[in-house]
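Student: Residue numbers (our numbering), protein chains in the order written: chain L, 5 to 1006; chain Y, 2 to 113; chain E, 10 to 193.
Some clues are possibly wrong.
[What the hints assert, rightly or not] Result set (SDA-like, lysine to any residue): computed pairs, CA atoms no more than 20 Å apart in a straight line:
| hint | chain 1 | residue 1 | chain 2 | residue 2 |
| --- | --- | --- | --- | --- |
| 1 | L | Lys458 | Y | Phe39 |
| 2 | E | Lys176 | L | Gly602 |
| 3 | L | Lys434 | Y | Glu95 |
| 4 | L | Lys758 | E | Asp158 |
| 5 | E | Lys185 | L | Pro585 |
| 6 | E | Lys176 | L | Lys156 |
| 7 | L | Lys441 | L | Pro585 |
| 8 | L | Lys890 | Y | Glu95 |
| 9 | E | Lys14 | L | Val616 |
| 10 | E | Lys14 | L | Asp611 |
| 11 | L | Lys891 | Y | Glu95 |
| 12 | E | Lys176 | L | Asp164 |
| 13 | L | Lys660 | L | Arg833 |
| 14 | L | Lys758 | E | Lys185 |
| 15 | L | Lys758 | E | Ala41 |
| 16 | E | Lys176 | L | Asp611 |
| 17 | L | Lys198 | E | Ala189 |
| 18 | E | Lys14 | L | Gly432 |
| 19 | L | Lys156 | L | Gly602 |
| 20 | L | Lys891 | Y | Val74 |
| 21 | L | Lys198 | E | Ala138 |
| 22 | E | Lys14 | L | Lys891 |
| 23 | Y | Lys50 | L | Gly432 |
Keep in mind the hints are simulated off the structure, nothing from the lab.
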Amino acid sequence: MSTRVAKGGRLIDRSKTIEFTFNGKRFQGHAGDTLASALLSANQMLVGRSFKYHRPRGIVASGVEEPNAIVNLGEGNKHEPNQRATTTELFHGLTATSQNHWPSLEYDVGAVNGLLGRFLTAGFYYKTFIHPRPFWKHIYEPFIRQSAGLGKAPDPETRDPDHYEHFYAFVDVLVVGGGVAGLQAAKAAAVSGKRVMLIEQTAHWGGRAVVDGGEIDGKPVDTWVNDTLQALEGMENVRIRSRMMGAGVYDHGYVLGYERVNDHAPEIGGPRHRLWRIRAKQIVTATGALERPLSFAGNDIPGVMLASAVRDYLVNYGVSPGDRTVVVTNNDDAYRTAIALKQAGLAVPCIIDARHEGGGQLMKEAQALGIRVEMGHGIAKVHGGKRVSGVSLCRQNGEGNVLEDIDCDAVAMSGGWSPVVHLWSHNGGKLTWDADKAFFKPDPSRAPIGDDGKPNVITAGAASGHLRLKDLLEDADNAGKTSAGLEAASDAPTGSDADEVALEPVWLMPSGAHYGLRLKAWLDYQNDVKVSDVQLAAREGYESVEHTKRYTTLGMATDQGKLSNINGLAILSGALGADIPNVGTTTFRPPYTTISMGAITGDARGDLFHPVRKTPISDWSIAHGADLEPVGDWRRPYTYLRDGETRETAVIREIKATRESVGLLDASTLGKIIVKGPDAGRFMDMLYTNMMSSLKPGKCRYGLMCSENGFLSDDGVVARIDEDTFLCHTTTGGADRIHAHMEEWLQTEWWDWKVYTANVTEQYAQIGVVGPNARKLLEKLGGMDVSKEAMAFMEWKDGELAGFPVRVYRISFSGELSYEVSVPASQGRALWDKLMEEGKEFNATPYGTEALHVMRAEKGFIMIGDETDGTVIPQDLGLHWAISKKKDDYIGKRAQTRRFMDNADRWQLVGLETVDGSVLPDGAYAVAAGKNANGQRNTQGRVTSTYYSPTLEKGIAMGLVHNGPQRMGEVIPFMKDDGETVVEAKIVNAVFYDPEGEKQNV
Amino acid sequence: MLIFTCPYCGVAAEETELAAGGEAHLTRFGPGSSDDDFESYLFTRENPKGVHFERWRHVYGCGKWFHAARCTVSNEVFGTYSAQTTEPTAEIRETISKKRPGWSWRDMNGEG
Amino acid sequence: MSDLKNFDGLVSIREIEGQGMLVVRGDFSAPAFREAVCALAGVDFPEQRQAVVRDGRGLLWMSPDELMVMLPRAEASRARADLAAKLADQHALVGDVSDARVHFQIEGRVVRETIAKLAPVDMHPDVFAPGTLRRTRFGQVATAVWLLDERTARVFCFRSVRDYMAKLLAVAADEKSEVAYFQK
């Protein structure tokens, strides 16, 4: 059984008990425990089920590489799936449940898949469910979806109650990893006085070395760690943070740091996670190394663990994973585990060393403690179901003939170590194969580079491939100095640890294991990928490691293959008869381990999800029933709903009130851009299709803007303010885009023209006063002459209304007598209130964008985004009158002379009236005879705008129809969404209302 | 995430403060130009592996357009320079020649 | 946080009212231009990215051809007309944009840290000194910011996103969210 031993545990406080639950059962741990160490201390080795076969899964590791101990954490709106028990610090009230089992962890129905294991091989799903094709959608996919997936997704109706934030930091040197290498690198760099930041993913400093023993500068490792930490904390130019993982390295020294601020103590409040967006001139990755499992039959049975993890639990948490632990290894390091266990009074029946000559100094130490060592041997298979009960000993160089069965309840395995090269690799750092040590390590001659083209990532310590204390400290010292631009000096602290002899690569145990053993030798514990699966993939032609990964799902589980990748790769290269370096690795992509969606989101949630723009009148509108719709980043009232109204009836009321008396429109969102300078007229002539330079001060003109590709881009009314100055109105969504468009041409093409622009959209509130009583209302406000004589249609004037400083434009987008009144934004609301108050006697009615749209459609006015879609030129819309023939050039003019544009044989704008008076469906296509090359019905036009017109009491529409203007009176068929129902509509003039313009010109 | 130093305001701006504007140094062809010239102006773009010249705008900043020379393989930035020029400056070409001897772009090369 | 104009957390956030602003574009090398804007603002002409502001009056360097004149709002309309007249014989643009933007003052011990949560800007004291103007983004909106002193920053953004900015600043200034980065 696994249990808490009487003494020891450098990270726990035995005086403090912490209560938590796992699968509803109450447990106790100590302060300083992880969820994994606490579960182990209570003999809860079984923590989950595997993905495919639902095999029992126990804790394997003690850190981020853990593939099995993946749990649901928290409940209700705090629920989060796929959390590693090994990196979850225990706190009061923690609740965890295991994943991927039904009905219970102990008795799982899906485990029957395991019995079929021989058949559920690599590519099983691909091979089995591909035929017959129609079965996929209705039978196979729903079934697979049901049984697939790890963990329970949070309830979509809950909202994460926690707060997350970002932080931007800029440093000269960022050191990732707080082991002895990271500490030394930071210390060496800090001497330069440059800004140094050191981050560590766990809550503790010193990494493995504090567990493994040895001395630095003659002091015990943990003393040196504490001294160094203290020194760093005292330096003004150094920042150190624990519980912060280096998640990814990106271009130009951009690094994401994932700080888990209060996961370990939710009661302290504040942000739960903080995503650090770090810009580092130099990055030192002191990310250590991960131990590799060994591939032998039954290596997935709970109780089989990494040798280093067994040591961690014992030394850090005072927990022994088993009473009798067999150690199996191909290197010296695992002997440390055996020695530690023995010294803690626990039984180690045997150390099985695959090497014929065994190990060095540490082996002798173990033997001196009375531990049996079997050299040149391996494990043929592990016995047990939900827990190890023993192992069978065999020769390593054999097929697995059992020599002896050894009783034990835990197996500590070590297949050697692999440097953590993820952060080195994220932004292009290359690897090299170290055949002696049997691992990939960073190749410093092919480092990632920064914006200056120079290397900006350097590795330190075990991450460089140095596993011995002396070497790794020297390497780290050098990395720190190099990163800070200091000369290398031989003053690194001196590390000393036990001498080791070389490891011997072991990719399969025993090396000639027969198929039955290979079928039970796991590579990827979570995704159930075994040695036999990778070999099968190789036989079936998967030669690329990337393809094999996807075919077998090796390394695709939540642990991303931290334990399985190198072993799987070695098996693949063996099966292909190729060298490991020639097969290569899969790509290392950020993040190093999963980071929360909340951290990525930061503050961009709820009200801050997206900046919503408000006009000075928005609050009034919202308080008066506005049913808002998004227009760009603005929210404009679609209509103002009164009690008992539907959207439709409200829109009808607004239109009638406007056409009969007076309506008020918040038009503040319209873009307003000043164009000024001696060359302003010339510039305006290039921007607009019209001749704008001829516009007289005091006058307004409607204008069109095209892209250089000829397509209609924006429209609006231009007012000439004085000889040098124009004010351009743009569409609501177009203000920023058109201002940028103007600046682009001025800065990058016509930089010698004397023109300045300024986007003053937000300086002004603008209110449309629209309808036959508009003038009466303005006259009631008083202050300036708005008579026909003083201000004709398409003129503007500065003046005062009811004491407000205003600019009034006599323009109309509704066909009615209409003024747009512009006032400094801070006074917009007051003017609006005044108009509402004084307008009572005229039933002044605020109207929204839908009424605006209907009224403009009744007049046949186009709307950018309805009649245009990026493929429409002004000529298509019958706007020839707004395209100057006198000008040599304007943006888009050359494009519009291309054969297919300078051509009457196009879809062109017409009005449409249904034969039965109904409203055409928006976007409906007019169908034509025959089918196109794709077997689709031919079309001859489409609806671009369609409304019920309360003025005309019938449906009206505009559309683009092939040669439309030549086909007046023709009835053509439009298809409804169902693809069957045809609606007949007659082609008519698009101006449905007041075609002579008598109403606006009064 | 890339960083470019805006030559107008001197800020080393990160990508989120910038807007990419595509290939640099296009010659505008207007009315009267041939179909071929117009087509190449509007649509034909370099897609180099290596040295490239681009336009960027410091949109969350001083609002100015500028030019940047960048390696599309390594993202090394050779420099940024004024938007008010029809070709890369002699200085930037010299810098690139030192770092990428024998480079070429359109009909330009390290020697020319 | 019902009142968006005021928030007190790690730092205090106050909306500043009555700040007038003129946008001025012109030729910075023209002595007449420099004299005219300096006379109006009562300060020296700013260097690149400098904010020269005293008691709400001064000049902000916005781009190589754009300044922002800071002055009391009550004077803005008239000052615009006067400056435009003064610059009438040269190529320049003067606009009153007092209502186009809103200002917030952030004050407190961790003012640098509050900004560093929102903007991709190095707020380290060695790099970002009082008087440096930075145009950037806070969260998702365009913003300009400068430090008046070690405890005080002035921030402005477009008027339409005032509510967004007020909430963004308040969230960043949450009492329990101190990072302890610039000050250990």
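Student: Next pair to validate is L/Lys758 with E/Lys185; report whether the Cα-Cα distance is within 20 Å.
Tutor: It is violated: about 53 Å lies between the C-alpha atoms, which goes past 20 Å.
Student: Given the hint that L/Lys198 pairs with E/Ala189, does the C-alpha gap stay at or below 20 Å?
Tutor: holds (19 Å)
Student: Within a Cα-Cα threshold of 20 Å, do Y/Lys50 and L/Gly432 meet the stated pairing?
Tutor: Holds, because 16 Å separates the two Cα atoms, which is no more than 20 Å.
Student: Going straight from one Cα to the other, do E/Lys176 and L/Lys156 come out at no more than 20 Å?
Tutor: violated (33 Å)
Student: Given the hinted pair L/Lys891 and Y/Val74, is their alpha-carbon gap at most 20 Å?
Tutor: With a Cα-Cα distance of about 45 Å, the restraint between L/Lys891 and Y/Val74 is violated, given a limit of 20 Å.
Student: Checking one constraint from the list: CA of L/Lys198 to CA of E/Ala138, max 20 Å. Satisfied?
Tutor: Holds, at about 18 Å.
Student: So if I understand the rule, the pair passes when the alpha-carbon distance is 20 Å or less; does E/Lys14 with L/Gly432 pass?
Tutor: violated (48 Å)
Student: What's the verdict on L/Lys891 and Y/Glu95, does the C-alpha distance respect the 20 Å limit or exceed it?
Tutor: violated (42 Å)
Student: Does the structure keep E/Lys14 and L/Lys891 at a Cα separation of 20 Å or less?
Tutor: violated (52 Å)
Student: Please work out if L/Lys758 and E/Asp158 have their alpha carbons no farther apart than 20 Å.
Tutor: Given pair L/Lys758, E/Asp158 is violated - Cα atoms ~38 Å apart, limit 20 Å.
Student: For the pair supplied as a hint, E/Lys185 and L/Pro585, confirm whether the alpha-carbon distance does not exceed 20 Å.
Tutor: Since the Cα atoms of E/Lys185 and L/Pro585 sit roughly 50 Å apart, the hinted pair is violated (cutoff 20 Å).
Student: Can the restraint linking L/Lys156 and L/Gly602 be considered satisfied, given a maximum Cα separation of 20 Å?
Tutor: Holds: L/Lys156 and L/Gly602 sit about 17 Å apart, inside 20 Å.
Hint check: violations occur at hints 1, 3, 4, 5, 6, 8, 11, 13, 14, 18, 20 and 22; the rest are consistent with the structure.
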